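A.B. asks: For the record, the sequence lines run as chains A and B. What the first sequence shows, in the working numbering, is residues 1 to 341, in sequence order. What the second sequence shows, in the working numbering, is residues 1 to 328, in sequence order.
It is possible that some hints are incorrect.
One side only, chain B facing chain A, incomplete, derived with CB under 8 Å [claimed, not checked]:
| no. | residue |
| --- | --- |
| 1 | Leu134 |
| 2 | Ala161 |
| 3 | Ala255 |
| 4 | Leu312 |
Hints in this document: simulated from the structure, not taken from any laboratory. If you're wondering where the values come from, they're calculated on a predicted model, not measured in any experiment. We put the CB at the ideal spot given by N, CA and C, even for glycine.
Listed below are the residues making up each chain.
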Amino acid sequence: MIGPSASAARFAALLAALGLGLALACLWSLRTGAMPIPPGELVGAIFAPEGSHADVVVRSVRLPRLLTGLIAGAALAAAGAIMQAATNNPLASPGILGVNAGAAFAVVTATLVAPGAAMGTLVWWAFAGAGIAAVAVYGAASAGRGGATPVKLALAGAILSAFIGSLTAAALIFDTGSLDAVRAWTVGSVEGRTMASVAAVAPYAGLGLAAALAFSRQVTTLSLGPEVARQVGQRVGLWRALCAVCVVALAGSAVALAGPVAFVGLMVPHAARLSVGVDYGRILPVSALGGAALVVAADAALRAGLPGRDVPVGVGLAMLGAPVFIALARGRAVGRAEARA
Amino acid sequence: MSRAALGPALALALVGLALASLAIGDRAIPAAELLGALAGDRASAPASAMIVLDLRLPRVALAALAGAALGAAGAVAQTVMRNPLAEPGLLGINAGAAVAALAGGLWLHGLPATLTPWFAFAGALGMAAAIWGLSWRGGTSSIRIILVGIGLNAMAGAAAAFISLFAEITALQRMQAWLAGSVAQARWETVWPLAAWTLPGLALALAASRELDLLAFGAQTARALGQRAQLAAGLAVALCALLAAAAVAAVGPVAFVGLIAPHLARRLAGPSHLARLPAAAASGALLLMAADLVGRTAIAPTQIPAGLLTTLIGAPFFAWLLWRGRHA
Chain A
1 MIGPSASAAR FAALLAALGL GLALACLWSL RTGAMPIPPG ELVGAIFAPE
51 GSHADVVVRS VRLPRLLTGL IAGAALAAAG AIMQAATNNP LASPGILGVN
101 AGAAFAVVTA TLVAPGAAMG TLVWWAFAGA GIAAVAVYGA ASAGRGGATP
151 VKLALAGAIL SAFIGSLTAA ALIFDTGSLD AVRAWTVGSV EGRTMASVAA
201 VAPYAGLGLA AALAFSRQVT TLSLGPEVAR QVGQRVGLWR ALCAVCVVAL
251 AGSAVALAGP VAFVGLMVPH AARLSVGVDY GRILPVSALG GAALVVAADA
301 ALRAGLPGRD VPVGVGLAML GAPVFIALAR GRAVGRAEAR A
Chain B
1 MSRAALGPAL ALALVGLALA SLAIGDRAIP AAELLGALAG DRASAPASAM
51 IVLDLRLPRV ALAALAGAAL GAAGAVAQTV MRNPLAEPGL LGINAGAAVA
101 ALAGGLWLHG LPATLTPWFA FAGALGMAAA IWGLSWRGGT SSIRIILVGI
151 GLNAMAGAAA AFISLFAEIT ALQRMQAWLA GSVAQARWET VWPLAAWTLP
201 GLALALAASR ELDLLAFGAQ TARALGQRAQ LAAGLAVALC ALLAAAAVAA
251 VGPVAFVGLI APHLARRLAG PSHLARLPAA AASGALLLMA ADLVGRTAIA
301 PTQIPAGLLT TLIGAPFFAW LLWRGRHA
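Chain B with its partners taken away, still in its complex shape (with noise of 0.2 Å):
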């Protein structure tokens, strides 16, 4: 395919996920249905457009935002580090997230729930900042910060057993389900703060593509080249933060996403970050779209959250990855 066609492309296979993610459930939805639901019209056919309109349009959104900001955060994790396998997740931002949503739901007994993904957008900051802390000898280096990362996420998985161990197993199972990383529980209330956190960081990480272009030939080039390199790799790992923080907030700890479509994006796009970047974002909507949806038909009516089979998925295309020797 070629570089010009990729972005109608990526937009057409979109809208047409998308599409196809509100007409297909436990009650599909003919085609004349759906076209009028989303068009305002609640009259002709109340049902449908209820479960369009009020169910699953707000899941789709949810799951394309969550995905394209963790698409996005990947790509900039993967030139920050030069590592082709750093992911937000496994750099400690998902287990910082669920410490602290699960602190935030299980102790704080009466708390609304519509706080945790304010704690867990909170723990995930927290757990970048204690990365990029403690890898900090004189500057970073990309293997400290993995390293460091695998200690801190090995801690804040203890931590989190710790707390769940002693909380009541009814509470508990309630948060299984974020805890897997679920579009299931989506809501206008918290499409809305994702796409006001992910679309201004998307188009600051589009803005900044020269500067990660630069950061990609390494430290030293893009010093030579006159880039204040430690500074830009800061400010680069912190949007890459914000923008994991407000996915994993609202949808929970989703892994592999951030693996996998900046990869695709490579393939797809070239090293070009003006390009890359959309085209990751475009990629992790895809994915974690398709993940829910296959995951709430596949054997329904049991819902396998979407952070499963991203994880499901990944796991093996990480292995494929060391495989193929891709690792410089």
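Bound conformation, chain A alone (with noise of 0.2 Å):
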């Protein structure tokens, strides 16, 4: 064990280099596309627009993408981090137990039922999906013997997912139109938002990520588990509550401007609990920056590897997400939550 000092510069360090990759991802993704743009544009561009073609297209195309995936990518990471902590379980994450499945079926009905709704609005369906479902998975889990294990909430995410596809495609079935406008949304895409719609959705990612922060003494303690965390006096139930009510906020502002991006919110915590251990007080800002950094940086290597192509982000990061879930579904963490239950 390192004492306090060396881990606390350690920790400096590693979000002073989070920070740097998150700014270099920027930068990258802003000059990716089909119009080269030099750095110094691209700075005048950003602070002093002279509405130049340079300036429009970074303004209006580059910038809300950019800001999108930041958004996105911090939200669901921290979404993860707290789900993880507050269910004691490995493979918790807004994806994989669907709620992220939830806010896109709540946004794509509230774009079938009323076309042209502003984002302010859908971002409040997007709540109610994601609460709803986070409601239903965890209750089915947790019902019955042993409790909410890790798989049985896998299961029940994944039986919601389902459940939702059908419902989705059902809505899709009577109106063939809609397919060709939601499909690339229902993967998750940072693709052509608005400034209006980050502007509309920011305060509420903003404002769930301050509280997690705020909260993240009392998330370390709830990721001892729920024995140790009554021990030392925490009111359980109420503090989960309240993870809850952050999860729904990152995740639903997350899915509302982005669409239901997979495997963020599962990747990074971990990687984000290797490299600074246990203290929530450390892992969210670690997991939120990294996030960011992810999106960002994940949507500009699609950008630069496939031109012209513009395959949305959600499939490059199941991609990679899918086999790190395996990885650790192998592992022996798991095993031991599955043991305890």
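Two chains, each in its own frame: build the complex with the hints.
C.D. replies: Listed below in structure tokens is the structure:
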């Protein structure tokens, strides 16, 4: 075990490195695209726009895309970290547990029922969908013998996702025209958002992040398991509920903006825990920074690697994240959590 | 109901539902014309005979066979994984079939549509093999199989999304019905291959019912009773995959029949696989036939794919299973 000051220095260095990585990813994302824009003009377009063609491209296409990735990545990673702590489950994440799917279905429904609804309205649909899904999955999985074990939670999440997929398919049978509009969004994509949408969602995501950071001590206590948490005097039910509210705000805003981007909320918290230990005061900021950097970099890499095809970032992240999930499932942590339950 | 009466009761239900499915539809067929057509008399009411024999009968046969295969496959899966929540569809067999069929149907232009089932079949088997291989760590555990299946499922879903995103929208819309799981495209040419796979598969499962009874006790007990448990479990998974893959190849990814039917069968027939497997097959056939009948008549002329209905019934059923706490 390293001493507290050494580990604090290491944490500060990690934060600085992540910040630098995020800045580089942002720069890469802004530069990548059909039209080459030199760095000098990029800075000018953001801080002192003159209405040139490059300014318009940066301000109306690339900047919203970048911010969408930033918000979605940070929010989903933080939500995943909270879920893993609050459910004592290494496989928990907004994607696996069906929270993303619930939010996504609510948003698809809203766009079918009321076409052209503003993002400020859609985000509340997303909150409702995420909340209902979270309650349904956790409720179903924690019923019965043994409580909410990792396998029961993952199965309940998978079933909910299948159920919702069928509902979406049913909705699209009656409205075939929407298939084309909805298909890119349902896998998670940061393409084609407007600055107004970003501005409508950002406050909710920011509030969720701030609350998560403020609760980080309680989240750490929860992560030790309900027995320990109760022994040190924590009101476990209350804090789990508050964590759920945080998760709904974070995942709901991410999904309203970018669609159900998969596996960010699973991979990033694990990487964060591997590098900074068990304290959620550190895991949460590292997760948020890392999630933002991952989504932005993955989107830029897909655009740079497959120019002109516009692969949704959710597809790339699922290809990256599913092997991580499988490795976790094969690992010992799941076995331990199952044995404890 | 006594267990002795179960066989005749299920058979009666199957025949009754089949006759109802043949008679009900956009054009109702009177009983006399229906029986005449089934007896091979095409002359006296040619239009009715055409509807019954060429349109509805292959559809009913396809639903019955696919449902039976999925029900039996689900019963085997639940025994091998010793988990009443396991289901072939959830374990990635459906997703593997869907990805392969999409890739074949959308990428290889000019591919004859008759080859789609073969792509689906190969995809489903490949997926089952990948799950079994990846969950192997000096033996398999049911929990690892389930979780690896969920992970691969998500990956296959992303791959399917990737493929369909760059597809022509019209080609994608054509595949949408198959992707939801539907028997609407039934023709005798799809019924025969499915029958040729399913019936020997069911017979094989029945022949192995004693081994399955042993497996149900768990690997350690089975080994103590003289069974080579890993080998038996591997063969059982292969059989389950073959049955489910054949069904999915013929009708598309139909979920939850393999979950619900074995539970009904366990209720009706008890623990012995010799009785449970036929009951699961019959329940699966009844479920899929009923889903198709409701789907094509409920809001006609719009046809709801049978797979959609089974999911809409199946997911709440799954929640109820969890709620009942039957998960040991």
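A.B. asks: The structure should be examined with respect to each hint, and the outcome stated for every one.
C.D. replies: Each hint, compared with the structure:
| no. | hint | in the structure |
| --- | --- | --- |
| 1 | Leu134 | 6 Å, holds |
| 2 | Ala161 | 4 Å, holds |
| 3 | Ala255 | 6 Å, holds |
| 4 | Leu312 | 6 Å, holds |
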